[in-house]
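Colleague: This is what each chain is made of:
Protein chains: 2
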Amino acid sequence: MQIIERVLEMQRWSESERRQGRRIALVPTMGALHEGHLSLVRDGKVRGDRVVVSLFVNPAQFAPQEDFASYPRDFERDRELLNDTGTDVLFHPAVEEIYPEGFETRIEFGELSKPLCGAVRPGHFSGVATVVATLFNIVRPHVAIFGCKDYQQLQIIRRLVRDLNFDIEVIGHPTVREGDGLAMSSRNAYLNPEERKAALCLYRSLRHAEEMVRRGEWCGAAIVDAVRGEIAREPLARVEYATLCDPESLREVERVEETALLALAVRIGKARLIDNIILKP
Amino acid sequence: MQIIERVLEMQRWSESERRQGRRIALVPTMGALHEGHLSLVRDGKVRGDRVVVSLFVNPAQFAPQEDFASYPRDFERDRELLNDTGTDVLFHPAVEEIYPEGFETRIEFGELSKPLCGAVRPGHFSGVATVVATLFNIVRPHVAIFGCKDYQQLQIIRRLVRDLNFDIEVIGHPTVREGDGLAMSSRNAYLNPEERKAALCLYRSLRHAEEMVRRGEWCGAAIVDAVRGEIAREPLARVEYATLCDPESLREVERVEETALLALAVRIGKARLIDNIILKP
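These protein sequence lines map, in sequence, to chains A and B.
Numbering of the first sequence is given in our numbering, commencing with residue 781 and proceeding in unit increments.
Numbering of the second sequence is given in our numbering, commencing with residue 781 and proceeding in unit increments.
Mixed in with the good hints, there may be bad ones.
One copy or any two copies: either way a pair holds, since identical chains are not told apart in the list.
In silico SDA-like pairs for lysine to any residue, Cα to Cα no more than 20 Å straight-line [said to hold, decoys possible]: (1) Lys825 with Glu1032; (2) Lys894 with Glu884; (3) Lys825 with Asp1026; (4) Lys1050 with Asn968; (5) Lys977 with Leu962; (6) Lys1060 with Arg853.
Since the hints were derived computationally from the structure, they do not count as laboratory data.
Keep in mind the model is a prediction, meaning the values are calculated, not measured.
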């Protein structure tokens, strides 16, 4: 596995691979890798001839009071995991390499960035989209793979690619879960054993909603109430949002008609956890 | 000359040219072509193996009260001129091709977009940068050529390319002028004969400033006052701004030290004309 730290070197590598007709898959990460990330890398190996994993904890997508400084970092471990998973290039730029002096471009969105996490994390998706656009131009992948756990992020990246005509296929990879159902996340590391148990309420409530829909429930309010009730039974958990919305536009919906996205953000201790499920009647 | 109207077809053409190792030059225009544009095309022919000219009157860069509807359009004439100048591809998309339903991405800037035209045309440079970014992804040029008359636009495109790491060389082509010095502009068509004469005050005042600097003047206030005075002698002209600033950051400067940009916007009749000059002591 090659490690590349400079933008120009990465661009040259990609240009050369493309000239040789090879298909490049990109998996953007912030490190602190878990099985969810590795599963994206394996998917990349199937979809591309070469897999590039970027590892960059992007300051622009953290608000000042958020966890940029304390975000888990373990480069040696990440490097080994990626090497063992068959990554071809680990792109690992310094902050100054991505944001040199005088940097002032940012990509903004309209409606898609307003609900869900966008409502509580102002500037977050602008930070995500800006860094992803620059990663796209640096790595020049044919296909880029993102996890479905960050569903709103995935929709925003899809919008970015469609609107700005990046010639890139965006893949949403299904959320990878622990044996007991907890969605894998680097932020699960913030949980102590007791909180780790409490965190199961996210998955439990999503499955409960799925079961309600299977039994014929279509009313958004009833489903969301039940989800909130389920999470309320867990004293360590505090719901930030629980919303039923259209999976494309992310606009809130009142009923499960064709498909609906049920999206959750829950605070447990120091961790802010998100999860979601697509409901189909 | 090939005319391409669809994004996918344009992308395929470019991908195929790139695979054959050909260098693509892009000249983005809004049509209503004049010798200034054609001079960019000729420059493109020197710098690239293939020249693509885009012709797209971009609604997103006009404010509601501006001249989008009345902006001069003459496709047949433009097509002939481009054909005669040796253009390889004329990319001429419909508005819905560039802004399909649901489009909501926009690129914004910080300090660079605030002074000069940015102060009087809110949203203008965001509209320019967003369409240029999408044109870059559609045409995938190696080099893109812009006129120096639109100096702030050129600086913003340079910033966009640097910040988002587009692998594109940006060329600023010197302003092309009429025999009497008036900077060529599609908006000169708005001038009646009397206004056309009055419009000479822009160039005259810039040359006057240049002469002052040659004689040893370095004080920004003295230079700007003289420029305003020169334009004030022309009753049909109204200065929108006359500013001395740093050619890189566009921040206002108080004196001509190494180099300074003197930038002008002047209203004459229905036309809003801009021009600029780089001053060196």
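Colleague: Are the hints correct? Go through all of them and say.
Modeller: Going down the list of hints, with the structure as the test:
1. Lys825 with Glu1032: neither (36 Å within a copy, 52 Å between copies)
2. Lys894 with Glu884: So Lys894 and Glu884 pass the 20 Å test across copies only (12 Å; inside, 22 Å).
3. Lys825 with Asp1026: neither (31 Å within a copy, 49 Å between copies)
4. Lys1050 with Asn968: within (10 Å within a copy, 62 Å between copies)
5. Lys977 with Leu962: within (9 Å within a copy, 74 Å between copies)
6. Lys1060 with Arg853: Answer is neither; intra-copy 38 Å and inter-copy 50 Å both fail.
Of the numbered hints listed earlier, those contradicted by the structure are 1, 3 and 6.
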